[in-house]
Each structure stands twice: as structure tokens, then as C-alpha cells.
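Residue numbers (this note's numbering), protein chains in the order written: chain A, 1 to 303; chain B, 1 to 303; chain C, 1 to 259; chain D, 1 to 259.
Among the hints, erroneous ones may be present.
As the list claims (entries may be wrong) - Derived pair list, reagent style DSBU-like, types lysine-lysine, alpha-carbon separation capped at 30 angstroms: (1) Lys201/D - Lys76/B; (2) Lys91/A - Lys7/A; (3) Lys256/C - Lys76/A; (4) Lys156/D - Lys172/D; (5) Lys210/D - Lys131/D; (6) Lys3/D - Lys14/B; (7) Lys277/B - Lys9/D; (8) Lys205/B - Lys131/D; (9) Lys277/B - Lys3/D; (10) Lys88/A - Lys241/C; (11) Lys205/A - Lys277/B; (12) Lys160/A - Lys93/A; (13) Lys178/A - Lys277/B; (14) Lys9/D - Lys88/B; (15) Lys178/A - Lys205/B; (16) Lys84/D - Lys73/C; (17) Lys73/D - Lys84/C; (18) Lys156/A - Lys88/A; (19) Lys9/D - Lys84/C; (20) Lys76/A - Lys201/C; (21) Lys14/A - Lys205/B; (22) Lys205/A - Lys76/B.
Since the hints were derived computationally from the structure, they do not count as laboratory data.
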Amino acid sequence: MADLSIKVHNLELKNPVMTASGTFGYGLEFDDFMDVNLLGGIVVKGTTIHPRQGNAYPRMAETALGMLNSVGLQNKGAHYFATDIYPKLTKYKTNILVNVSGSTIEEYIACAEIINELDLITGIELNISCPNVKEGGMAFGTSCPSIEAVVSAVRKVYHKTMMVKLSPNVTNIGELAKSAEFSGADSLSLINTLLGMAIDAETRKPILSTITGGLSGPAIKPIALRMVWEVSKAVSIPLVGIGGIMNATDAIEFFLAGASAIQVGTANYLDPSVTIKIIDGIDSYLNRHKFNSITDIIGGLHM
Amino acid sequence: MADLSIKVHNLELKNPVMTASGTFGYGLEFDDFMDVNLLGGIVVKGTTIHPRQGNAYPRMAETALGMLNSVGLQNKGAHYFATDIYPKLTKYKTNILVNVSGSTIEEYIACAEIINELDLITGIELNISCPNVKEGGMAFGTSCPSIEAVVSAVRKVYHKTMMVKLSPNVTNIGELAKSAEFSGADSLSLINTLLGMAIDAETRKPILSTITGGLSGPAIKPIALRMVWEVSKAVSIPLVGIGGIMNATDAIEFFLAGASAIQVGTANYLDPSVTIKIIDGIDSYLNRHKFNSITDIIGGLHM
Amino acid sequence: MRKTVLNLKVISNLQLNDDHHLLELQSPDQLETINPGQFANLLVDHSPSVFLRRPFSIYSVDYLNNTISVFIKEIGDGTRALGKTPVGSFINTMFPLGNSFTIPDEPQRILLIGGGSGVASLMSLAQILSKKSNEVSILIGARSAVDLVELGHFSKYGTVYTTTEDGTLGTKGYVTNHLIMGDQLAQFDRIYTCGPEPMMKAVALIAKEKAIICEVSLENSMACGFGVCLCCIAETIDGHKCVCTDGPVFNSTQLKWQI
Amino acid sequence: MRKTVLNLKVISNLQLNDDHHLLELQSPDQLETINPGQFANLLVDHSPSVFLRRPFSIYSVDYLNNTISVFIKEIGDGTRALGKTPVGSFINTMFPLGNSFTIPDEPQRILLIGGGSGVASLMSLAQILSKKSNEVSILIGARSAVDLVELGHFSKYGTVYTTTEDGTLGTKGYVTNHLIMGDQLAQFDRIYTCGPEPMMKAVALIAKEKAIICEVSLENSMACGFGVCLCCIAETIDGHKCVCTDGPVFNSTQLKWQI
Ligand SMILES: Cc1cc2nc3c(=O)[nH]c(=O)nc-3n(C[C@H](O)[C@H](O)[C@H](O)COP(=O)(O)OP(=O)(O)OC[C@H]3O[C@@H](n4cnc5c(N)ncnc54)[C@H](O)[C@@H]3O)c2cc1C
Ligand SMILES: Cc1cc2nc3c(=O)[nH]c(=O)nc-3n(C[C@H](O)[C@H](O)[C@H](O)COP(=O)(O)OP(=O)(O)OC[C@H]3O[C@@H](n4cnc5c(N)ncnc54)[C@H](O)[C@@H]3O)c2cc1C
Ligand SMILES: Cc1cc2nc3c(=O)[nH]c(=O)nc-3n(C[C@H](O)[C@H](O)[C@H](O)COP(=O)(O)O)c2cc1C
Ligand SMILES: Cc1cc2nc3c(=O)[nH]c(=O)nc-3n(C[C@H](O)[C@H](O)[C@H](O)COP(=O)(O)O)c2cc1C
Ligand code: FES
Ligand code: FES
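Could you build the full structure based on these sequences and the hints that come with them?
Next comes the structure, spelled out in C-alpha cells:
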């Protein structure tokens, strides 16, 4: 049994396997399938200060080893989360992070302030990369000045771990990562979904009500790996790798590219206990390659 | 039999199916498999003024319904093309475009000048989006000023159709497309490959000698479709859609999104006569849906 | 029974007609109660063009042999691949998912209306309703007689009426053209329906006019099937609801399209 | 024969040991000449994890029955899927590809050296050489005796020598440890080799020292197999060459690693 524990800035994970926001609900939906406490941490659904209905139906399109979604941050708002959902999560003995989003900087601040009061939420993941909302979301994550504005504003009101989630829909992700680091991010998670589109040739209509949506799944892994590697050279805060991770081998690739932990997204839909298999698989890999600790392989790509 | 002919600016195609540079050699390699003359056009391998060895081995990695390559524009140079390859291509009765690349604006100009002298080459595709070369290539295609510089410089020396091939590794492809249009592009082709990376978890090494490479194949189709659609709203010159096209349905999706023609890339490797099947499939689709001409569906997405 | 993911063994695969298959899948574990209207989410192996699971109503449950059946109409790559699954192989199955049709406490007169592959979700419902002494009538609509492959089973549980678009069996036209949908409808306490959306909308409208309780089972494109992706929403008077957890069965008055 | 893409029918699939299969594939058309050293590029259906074709040497050709055989060692998803292909099904095959070993005009003394699945490209070579009255010796190296599955076939065409890393058959060690690679080597006019790169390098070095002509058959990761992607390069003294068209057979003195 190798040592799988890892610190991502001041976030202490029993193992480097987390779940990606929007793909793991609030954890509770997985109780039937697995022991959520075995995870390093979970990131719950994107949360905004005001309740959001999200986008109209249809919100999903299957693509080549991937899927597009345009959920659009459907959630009942930060207050509802604090009063109605949070109490149910206190049973868990793992890190719970809330994915915080907003249309304006004020909304980000207001949401983060509420989450800041919740003792058992160990951190937030600042979502400046959601491609599925008309205002804010990804717009914040695609230029250095706007990243600096939102990250430093939230930094002032949020006092625990602040992970900033980067958008892949950019020319130079290294520069944007530096802005987030500079503005007070404790760690960075990447990538969010890539902006894509699907068309039904028979009906000659876009499949999604919103025309475009966010691409996730195995299809995007090569791009995600490249971005993690690029960002790992640009910043010195820890990274959490996300994008198309389906099994332990995929996870290992992200560690080698420079991620200190990973998040599993779309794979949870196909196999709700896949994260447990990934944890076991990472352990086997480390044992087989005679590493004592996960830290031995982080950024360990041979050139 | 529907009318498949289409004009892409002043480029007259007997049908909208072309082949993508770097995936169809010089056409000659396909003579065993198919009748190249049935195509709307072919774009031959990326050509530079000086011969290039390309990158070291390994240059290819398979990914989820896609592949990464880092060939790096291996070619024998524009002079060799003009003297040794061009004469063999004069047997073809279809449009032949040369994909022109360079590390400096002077190199682009020099290469385009040579190609300009070749009567039967109906146009060039200006490659400002190759992710696999250390200098130039994609660097030209990711900012408006550099696009304007290279496109307007080549425009001065090249007098036939100039198609400009856009890079998808950008924050705002619509803006960059406008720059290319403004600087004299007759049409735009998109997308080139997405920058990605693959790692061998067992050896803990990058699979490509260059670490990163260009992602192509079905995996990227949703991103390509979205970009074609975005660019079609930004510019008024015609577009040529590229990215993960494997069959006629994929091609139709690109027409609906706004492409006047398409290029087939990676699919040629799996089935060297796939383009013929795509032409036939487009014809069947038009007949089945009672359209007389391919022009009836270009940009014909219902909202 | 709580949600689970298991490799179920295909113990029979009946090809019912050109494009309909009935698969019987055996669980290694003892099955607990599965309610009528619930569905299963099947993984399609060996298909590069199918990534996500595919949802199917649980057509019937055999607690003695620990099997569930699914009725599959081939419409795309996923259903075609599943339809071809050889006996003896395994299908990774997430089940049982979703809510279920309401079973009245006291016996009532109930009309089930199914169209196309929608009939699948009504079979185990008919069985349970008839077992609980409800008076069950079943109206099934299809394009043509050849598509009406499961009538024999239904007739064990109630009186079967049919409509076909081409008139090859029963009343010619849609289910809403059947006589029973006229004045006779008042005799029913409840209507349960599953089928193409236009059919369900038409049925729900008639039910509303006659003030008969109507439950509809919705389809939707699903990424997860257990309430975490929020892709499968239905518009209800209480806002967006997930078809996979709040549904697939909804009281038709809850749905926006009803109003 | 010119390059073609055909659906070839699997008419036999012999499992030779744990992870080696010999597939015989039948063409609907009359086969024309296929030269020893050429390869085929097989499409793997029904595997989401295999996208590109997979290259395999053409192990043997039967012009009477219009079949080619391929010898497949399972190492990943593609080879595992191909190894499982049932008799009667079809494999979409692009063939024949690449150049071929040189067949001397006059009979000579020739040593073939194969390692691992590399022996596959030497079988039809051995056959043709022996038919043309060359004096053929075949040295085969493997990890263990169980991996030496095709000796019987080779012995029809020449004298067979073996080495195994675990000493279970023939000389213990690598092919380069075999006696024949010592002073006896001078008796040979040519060496043809195919196998793991380190083995081929070692063989080529010895051949060079003894000034014996040596042809090696290279492997490489290939996207197309017919010279258009430029992914499969070998570094030669004349620059980058495509293994799929300029090769897979190279004179070892052409290769950079030889110098
Ligand atoms: C709760 C639920 C229960 C279901 N029960 C059954 C059942 O018992 N028997 C059965 O045969 N089918 C049932 N379905 C439908 C079944 O899930 C789809 O037919 C299947 O997912 C299609 O997969 P495919 O890969 O074959 O087709 P795809 O290739 O995914 O789709 C082919 C075409 O059909 C359309 N399509 C796909 N799914 C749906 C859908 N759900 N509604 C409308 N159009 C769609 C697509 O847009 C596309 O145009 C059910 C669906 C749901 C949500
Ligand atoms: C010209 C040529 C002829 C060949 N002839 C034969 C033959 O007759 N019989 C036979 O069994 N195999 C042969 N091969 C090798 C065969 O093509 C590979 O084993 C096959 O492509 C692997 O596919 P896979 O999906 O099973 O493995 P993958 O999943 O693609 O790979 C599994 C592992 O093996 C490595 N790998 C894959 N291909 C190669 C390779 N070519 N060289 C070194 N490492 C590799 C990968 O990097 C990976 O680590 C030949 C290859 C070439 C280029
Ligand atoms: C249906 C769906 C909903 C998502 N919702 C959110 C969200 O609310 N906030 C967020 O930051 N990311 C969201 N994501 C993005 C994922 O967290 C993750 O970054 C992305 O899916 C890539 O990882 P994957 O390929 O493993 O799925 C969502 C993804 C999907 C598929
Ligand atoms: C091996 C390989 C080599 C390529 N070489 C070139 C090139 O020289 N010039 C160029 O503009 N694009 C090149 N491309 C990009 C393709 O032309 C095309 O834009 C890309 O592959 C996306 O299309 P696809 O998904 O259909 O392959 C190359 C692609 C591949 C896979
Ligand atoms: S399918 Fe994911 S929430 Fe319903
Ligand atoms: S594999 Fe494409 S050129 Fe050799």
C-alpha cells in the first residue's frame, strides 16, 4: 500500500482522487453505489448566489467518446445550499468543495461569503470557466484582467482554500494561470469543458437548445493533459488535473504532467464507482513501479 | 443527382469535398485506391520555401477517437515541389491547392511566389496554424496583428485563390477570422489541429518526441463545428470546414453550420476512398431531403 | 431495491420482429422490489459510436429467476448493438432507476395507453395492477400490425384494444381515434400512458378535459440516469425536474406542456 | 499487386499459445504477387479504444485459395480484439503495403534471424528463398520455448537454430549469443532480420563487422501505412524515410542507428 495522501496547498487529501463539479451532484446520489468517504474530496455542483433554472431542454448531445452539455448552472442558490443541502453533507468525512460561479463579481463575492461560513466545506473551486451561461462564467476566465478582478475580489472574502478552475477555450492558458496565481489562487484546477457544438443533420437543427455547449469525456484528454503540462511550467501553485479521466492510467498521466490531484467527471456517469477503481489502480501502479508515495510521480515526466 | 458544384470565392469545385493537407500526400499515393479526379479539390502537403526534415521520431500517438501528430512540415521545399512533384500532378483534372507555410513572413512570401508560377495550382491554403513547428506556424495564427501581417504580405505576391487556414487554439476565432478577411483572404479553412499531448504511463515519457502535437479525428468534430459556426457569423467570405469528418453526415453538419466546402483529413488514413463515399452520401442526402443543390443547405441550420 | 450496477447475463434474446428485441437479463444477486415504471441504464460495449449508457424501461421482473426483461426497439447504434447481444454474454446494467407509476390503494378502473416502444413501461404495470384486482384496459397504438408484438402478454392482465396507423389491426388511426377515448373514457379512474410525446400530449389533454387522473412516462436524453448531470429535465409547473429521478413518471398536470 | 482495401474473410483463427494467433484471411478477388516483407494494415472494428489500423507482416500467401495469413501477438487492445475475431467474420484489410526483402538473382547462403513476432515477416521470405534454391538457415530467438510456435513451418525451408532467454530450448540467451553468430557467420552471403530493435541493432553491428549484407525489417507507429501521414519515419543517412513505403525493409547500412 503506497502513501496516496497529498496536500494541495493547505487542502489535505487522503488520496488524489476528487470528483468534478456537475458530475457528482452533492455526493448523496452516489451513496447507493459507493462509499463517498473513500475519496480524496468532492466538488459539488456549480453554485450561484441566486437560484438558476439553467438552460432549456435539450441540454445534452453525445459526441465521439465525449458529450456536450449545456446545463447552465442549474442550482437552487447558495442560501438553499447552506440551509438545505449542507446539513446532509456533514455526515461525510472527506473534503467537500463548493464550485462557486456568478454573472458579476458581486455575485461571486456574495456566494463565496455564504460558503465561507460553512465549517465543513474545506474550500471553494472558483468557476471562471463555465461555457454555458450567457453572462459571466467563461467570460471571466478568458482574459487576464478579468481573472485578476474576480480572483482577487473573492480572495478578500474567502479564507479557506481557493482553487481556481481554468477554461481551456483560450490562446495561452499559461498566462491566464499566472494571473490567477498572482491574484491569490491557492491552487488551479483544469480543464473545464471545451466549447463545442452538435447538429442533427436530419432535422437540420442544433441538438442543444443553446446551440453550443461544453465538451467533456475521453475526447478532450489530450488537450487537458497538454494544458496541465503547460500550466505546470508557468506557475508554482499546485494543480488539479481534469479532463477525460476514465481510469487509473489516465490519472497517472495527469500526475506525470504535473497535477497533484485529479478530478473525475463524465466517467462517473458511466460507472458511478469508477473513482474507487481509480484509487485502487493508482495504488497498484505505485506498488508495481516501486514508488512509496504519490508525490514521487507528480511532475515526474521523463524528457 | 443533385447539383454538388460550388464556388468558394473564385475557386470552382465540382463538389464540396476536398482533402486536408498532410493527410492526402500529393494525391498520387491514392491512385491505387480511387479516382482522385472525382474530388472537388485536393490540398497537398504543407510546403515551405526550404526543405524540412520535420521532427524526430515518434511523431504519432493514438488518442480516444483521434490522433496526435508532430510531423512538423516535413517536405522537400517549394523548388523541389515545382520541379519534381508538380509535373506529376498535371495529369489531374481537379483543383490542386498547395498548403504554404513558413517560419518568417519572408519565407511565406518566397514560397507563395514560387507556387504562383505554377499554372495548374488553382490556389494556396495559407497555413498559419501548424502547431508542430518551433518558429512561425501557429504563432502567426493566434494574434490579429500577426495574421494581418502575414496574410497581407502574401496577398501582395499571390494572385489566385488564397484560402487562409485558421488555428483552433485561440480564445476568439471570430476576431482572428475577421483579421484574415480584412487582410485579403479569399476564403478561410478551419480547423487545423488542436494542441494536445500524450503520455505513456508505463515508461513515464511523452509519446511524441516534441512532447505536444496536433489533435485530429472525430474527437475534435464538436469543436470544429462550433468554430465554423462562430466564424460564419463573423465574416462574409466562404468557409471550408475541417475536423473529424468521417462520413457524409459529418460533412452535412459542417455545411449546415456554414461551410461552403469541407476537407477530409484523418479519415483518409482509415479508408483511402472515404472521400468518394462522402460525395455519394452528400448526393443521397440532398436527394432524400429534396434539395436540388448543395447551396441549399449551406448555413441552413434552423434555430 | 437500491440502485446498483451489475453485470447481468443475457439468458434470452428474442427477436420479436425486424427491429424489436426482448432481452432477459439475469442478476447474480437476489432482486428486491422493482416498481412498474422504473428503468435500467445499459452500457453498450464494443461500439466506438456509443459512449453513454442507454435507458430502457424494465419490461418485466421475474423474482424467482432474478431476471429483468427489456424491450428494445432498434433506432440507432446503441439499440442495434444491444439487440445483437448474444445469449450468455453480459450487459453492465445500472438499475432500478427513476420513480414509478402510482398503484392505487383500492382497486380502480385503469386505462393504460401505450405507443411504440412506450408499451414497454406498461407491461409490469399491467401485471401488478391486475394482481391487485384493478380492472385494467390496455390501448395500444402502432404504425402497423407487425409492430404489435406484445399483445399476447398484455391480454393476460386486461382487455386489449388496438389502433394502427395503416389499419392492419384494430381501429385505423392514432390511439386518440379509438372509440374508448370518447364517451366511454369517463368510466376510468386513471390513465397511465407512455409513448411518443405527441401521443402523450394528446392523451393528457383529453384526460384533463374529462378530469381523469393521468400519469405519463417521459423519455429524455440522459447522460447519467441517476440525477447528477441535470441534463434530462422536464419543464414542470415547479420548474425544471429531472426525468431520471423525479420521473420518468409525472402526473400530467405537473407538466408545462399540459397547460 | 497494387494496394487495395478489401473485406477479407477469416477462414481460420489458430490460437498458437496464450497470446499468439494465426489468422488466415481470404480475398474475394484473385491475389496477385505479394512479396516477402510486405505487410497488411488491419481495421479493428467494435473497439472504442482502437482508432487507427494495425499493421502486420504478411506471414504467408496462398495463391490457390487467395488467402494471406497474419501472425498476431497480443500486446494491446487492437491485437487482442483481432486475435478474438471469429471464423466467418470479415476484417477490412489494406494490403499489400511496403517494400520487400531483396531476393538474390543467384542462389546464396542466407541467414534469417527473427525475434518475437518479428519472425512473421520471415516466413514467406524463407519459403521463397528456399524455392529459389538458396541455402537458408533460420535463427529464432524467443523468451521461452512456449513462444517458439512456428518452428515446424520454418524447418520446411531451411535449417532452424533457436535461442531462448530462459534456456528452455536451444542456446540460452539472445540470438547474438548463438554460436552461428561467431566465426561461422562468414559462411553467409546475406542476413535478413526482423525483431525487437535492440536485437536488430546488435545483429546489424555484427553483420557490418563481418561485411555481410544485412537487411532489417523495421516496425514503427503508423497512422496510414501508405506514405501520406509521414508519421512513421526512420532516420537514414539520406534523411527521414517512411517505414511504410521506403521500408519496412532497409539495408542496415542505410540506417543512422547503424553508424
Ligand atoms: C426512461 C426511458 C425509458 C426508455 N425505455 C425504452 C424501452 O423500453 N424500449 C426502447 O426501445 N426504448 C426506450 N427508451 C428509448 C431508448 O433509450 C433510446 O431509443 C435509445 O437510447 C437510443 O439509442 P441509440 O444509440 O440506438 O440511438 P441514438 O443513435 O442515440 O439515436 C438515434 C436517433 O434517435 C433519437 N433519440 C435517441 N434517444 C431518444 C429518446 N429517448 N427520445 C427521442 N429520440 C431519441 C436521436 O436523437 C437520434 O436521432 C427509453 C428512454 C428513456 C429515457
Ligand atoms: C510493418 C509492421 C509489421 C508488423 N508485423 C507484426 C506481426 O506480424 N505480428 C505482430 O504481432 N505484430 C506486428 N507488428 C506490430 C503490431 O502492429 C503492433 O503490435 C500492434 O499495432 C499493436 O496494437 P495494439 O492495439 O494491440 O497495441 P497498442 O495498444 O497500440 O500498444 C500497446 C503497447 O505496445 C506499444 N506498441 C504498439 N505498437 C508498437 C510497435 N509497432 N512497436 C513497438 N511498440 C509498440 C505501444 O506503445 C503500447 O505501449 C508490426 C508492426 C509494423 C509497423
Ligand atoms: C453535465 C456537466 C455539468 C457540469 N457542470 C459543471 C459546473 O457546474 N461547474 C464546473 O466548474 N464544471 C462543470 N462541469 C465540468 C466538469 O467539472 C469537468 O471540468 C469537465 O466535465 C471535464 O472533465 P471530464 O472530461 O472528466 O468530464 C460539468 C460537466 C458536465 C459534463
Ligand atoms: C499527420 C498530419 C499531418 C498534417 N499536416 C498538415 C500540414 O502540413 N498543413 C496543414 O495545414 N495541416 C496539416 N494537418 C492538419 C489537417 O489538414 C487537418 O486540418 C486536421 O487533421 C483536422 O482534420 P481531421 O480531423 O479531418 O484530420 C495535418 C494533420 C495530420 C493528422
Ligand atoms: S440523466 Fe443525469 S440527471 Fe437525469
Ligand atoms: S504510416 Fe503514414 S507515412 Fe507511413
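Each hint, compared with the structure:
1. Lys201/D - Lys76/B: Answer holds: Lys201/D to Lys76/B is near 29 angstroms, not above 30 angstroms.
2. Lys91/A - Lys7/A: holds (22 angstroms)
3. Lys256/C - Lys76/A: holds (20 angstroms)
4. Lys156/D - Lys172/D: holds (24 angstroms)
5. Lys210/D - Lys131/D: It holds: about 27 angstroms lies between the C-alpha atoms, which stays within 30 angstroms.
6. Lys3/D - Lys14/B: This hinted pair holds, its Cα atoms lying about 27 angstroms apart.
7. Lys277/B - Lys9/D: holds (22 angstroms)
8. Lys205/B - Lys131/D: Cα-Cα ~46 angstroms, so violated.
9. Lys277/B - Lys3/D: Answer holds: Lys277/B to Lys3/D is near 18 angstroms, not above 30 angstroms.
10. Lys88/A - Lys241/C: holds (21 angstroms)
11. Lys205/A - Lys277/B: holds (24 angstroms)
12. Lys160/A - Lys93/A: Since the Cα atoms of Lys160/A and Lys93/A sit roughly 17 angstroms apart, the hinted pair holds (cutoff 30 angstroms).
13. Lys178/A - Lys277/B: violated (48 angstroms)
14. Lys9/D - Lys88/B: violated (37 angstroms)
15. Lys178/A - Lys205/B: holds (26 angstroms)
16. Lys84/D - Lys73/C: Holds, because 29 angstroms separates the two Cα atoms, which is no more than 30 angstroms.
17. Lys73/D - Lys84/C: The given pair, whose Cα atoms are some 29 angstroms apart, holds under the 30 angstroms limit.
18. Lys156/A - Lys88/A: Holds. Lys156/A to Lys88/A sits at ~28 angstroms (cutoff 30 angstroms).
19. Lys9/D - Lys84/C: Holds. Lys9/D to Lys84/C sits at ~20 angstroms (cutoff 30 angstroms).
20. Lys76/A - Lys201/C: holds (29 angstroms)
21. Lys14/A - Lys205/B: holds (27 angstroms)
22. Lys205/A - Lys76/B: Violated, at roughly 45 angstroms.
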